[in-house]
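Residue numbers (the numbering used here), protein chains in the order written: chain A, 1 to 318; chain B, 319 to 976.
Simulated from the structure, these hints should not be mistaken for laboratory data.
Just so you have them, the derived chain A footprint on chain B, three or more residues with Cβ under 8 Å:
| hint | region |
| --- | --- |
| 1 | 463 to 476 |
| 2 | 486 to 493 |
| 3 | 499 to 505 |
| 4 | 836 to 845 |
| 5 | 876 to 887 |
Small disclaimer: the values here were computed from a predicted structure and weren't measured. Beta carbons: idealized from backbone N, C-alpha and C, even for Gly.
Residue strings, one per chain:
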Amino acid sequence: MPAAWRRLQDWAERRLPALTRYKRPESLPITLHRRRVYIVPTAFGAAFTLLLLVMLLGALNYANNAALLLTCMLGSASATSMLVAFRSLHGLRLTAIRQGHAIAGERMVIQLVFAADDHAHASVHADMDGQTETFMAPVRTETWVSLHLATSQRGWHPVPRIKLWSNWPVGLFHAWSWIHPDHAVLVWPRPELAGPPPVLQGEHDLRRRLHQGEDIAALRDYRPGDPQRHIAWKHSARHEHLLVKDFEQPEAREEWHLDWRALPSLSPEARIARLARWLGEAEAVGRPTALWLPGEDIALGHGRSHYVHCMNALARLP
Amino acid sequence: MIRIALFRRSPKVPLETRPFDLLCLTVAVVLAVHAPHMPIWLSIALAATLGARWWQRRRYGGRAPITLKLPLVALLSGAVIFYYGSLFGREPGAALAVGLLVLKLLESETARDARVGAAFSCFALMSALLFDQGMVATVLVALGLLPALATLRALEPAQPPSTLPRELLPALALLGASLPLALLAFVLVPRLSSPLWGTPNPGQARTGLSEDMSPGDFTDLLTDDRPAMRVSFEGAPPPAAQRYFRAYVMWNYDGRQWRHIGTGGAPGDVERAGAVRRYTVALEGSGQRVLPALDVPVEAPDHAFLNVDHEVLSDRPVNDTRIYTLRSASSYRLDPQLDERERRRGLRLPANFNPQTLALAHRWRTEFGSNDKAIVQAALKLFHDGGFSYTLAPAPLGRNAVDDFLFSTHEGFCEHYSSAFTVLMRAAGIPARVVTGYQGGYWNELGNYLLVRQSDAHAWSEVWMPGEGWRRVDPTAAVRPERVSLGAAAAASGAAAAWAPNQWWLGLRNRWDVVNRWWNQGVIGFDTLRQHGLLTPFGLHDADPGMLGLLLAVGGSLFAALGLAWAMWKRPANDPARASMQLLERRLASLGVVRRHSEGPQHFFVRASRALPTHRAELERLMRTYLELRYAYDEPPPELLKNFRQAARDFRPRRMVK
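Just chain A, with the same shape it has in the complex (with noise of 0.2 Å):
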């Protein structure tokens, strides 16, 4: 049975695609015209009709005009509430979508900014892979709706469809709306988990042992390929765990100069994926970074601005 429907659901997509979801993507800003609103009965406003039918039924039937009226009037409203559900959705404008950060495999927090042009637009659900958020977007005024959309892999993902529903205002009718912006977000490379620092020249090596720290700054817990001479064994004996002397390096200021070209031996997405942790781990200790990729190049810098920099360049990668 589910395959049989949503065999029905595939052809009618591809015979109706003015009834049903299936729309090209479409370019920014999507303003919800007359055309793309659907409207059906939700259960409850069968059900309701059928309560009204039995109501005027019983009215027509012991001929009291004064329930009838209640009846036309009780009607009327319904009918009226249909046009109230469409002008919910219409005229409502998406205008822009921003994107937040996410490395492959995390959900993004992505925005969809909509603007009401004519009217205040209350309860409005949008959908999209599975999650709903309700907002209402009081006129003349930007409304910032946040989703959650899941990634897999790096690179540019393209925004789902989005459906737009409202039960407004007594939810008897369900008006509801597609939308597929022609929009992608960028997602990052996630990191590799572990692997060596970056090689550095022999002078940055040198100097990296002088400015060896000499002053205890924290203890943290063991990692396997520390000296065993770092571990306090004093304070370990307190812990369940073995504790390390985490000695202060002032060479984390040195720079870094990473290249896409001195990773020869691993394969492409191993090669993002260890830069992506070396510009984590850099990011971590504001450790200012240069950064050589196939096609860009990107000039010594340090900070969130110049990270979010380098892991756009590296997840726009082919």
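With the hints as your guide, set chain B onto chain A.
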């Protein structure tokens, strides 16, 4: 993965406080409109349950346990069966429905519960109209829809916050906007020619005239100022003292009670003198078959017949407002010939009752010989001069009721007088009978109709005179003429004024009644006949249901188009500077300088001044003002805007003559 919304199982959305409050309000309104026909203890118990639930959820939250719910449902059903004897029928059904609605609140914890509750409330509200479809009741019930709709609205998430009373306003707007379509549907919905099931209203005990009369019965009736009927006359109304509306003619007397027999058969002869009066009566539902008629009706309306006593009887009990047109003779000779059987019936008295009365009548007979009229006058003189008084709270009477009344208590109202008079006449050998009906009424100038209330119920006598037939004699008039000339309220205001409402209030109510009449005729009495009458001016004679359906569809589409126009209407942006700029663009465009889509204002003005060198200075000034207006300030000064608008209006470019 993707399913049509119809089949989607909505997740359990918890019910917030605001919609729950509104739902409680809805149920309270339902309870209030049903309270008048529910036993008072049930109303109080349900109201207490409602209040307790509201408080409990507000204070502690959570639904009522099933161990409380089930016994309550059982208790409710038990109480309804105990009181009404059944669960089915109008009253028990309504009581049960309201009760279940209140109990439904006990378990309302999700949005879905609230939707069900609100929808069912709408149904319960409608069912209240089966009991009373008066205007006030209908308006109250219609107002009851507001919290129901507001509940449904409050269930939708993400909306601007507002206070509880303000929540009702959008619902009011929705109802108001849908009123035209509702009226169209109301006018055009084809009515059923015969009910599909059941008799509409089971005969319930209503106060009103009844088929029998014993002195003292009317006490309830005479203090009941609900409207009984409304009469509009063609031509002038009869004078106040002539407004006698006959309902029942009563022949049989058993010493205590007068009884209507309602024999069939053709009506007797009426010799008319003078014109007949034509009038239309809108009778409120009475549960009785009798249709009151002025004096002596000449013919019966549709679905009714005249019986031998000239009573107008309907085929079916009148349960809802009934409108009929009659013709009546005011000066007449009714049954000038009386056959022997009727004569004996008109003289029959129960044996061994009222010996003193019989003796008095015999004394009069011997005194006046065969002069019947003198005997009638003697009786009226006795009432007028014998120390009798008119009161609605007379002393109780014993077995010989007429003796007690005539010779000891000396007080009573129309029933006592007409009964005693008729017994006296019969005892004296004059055929006589009691007639009940209505007398008087309030003439409503505004609506040009006579409003007759239940309190205008009256009883009088008819005596048969040789050659004259049955003649009306009203003994009450001998005692208290105001009863006949001014009406029941004026008569009552003397002796027992305790419960008589004050005149000012009564007058106001009588004037207000014109609205009720309008409602009765325009809404309650709107039937197939009137539906056709409404369409006849448009050239639609005999509109059948198909035609009505078509009209309904056409009208509905018209309203749908109007509604769509509203839904799609975009408010023009309120930007005077832009409007003036557009005016300039239009004027320049007519001279061939069309602003391009991507063109900024400065470039456009420069291009325009190059094309129209004669207007260069003017255009440059306009450009400077516009740019300043647009880009120099956050809030441009109003005079600048005014200047620009004025300049734009005055700018009338001319093509340069080459």
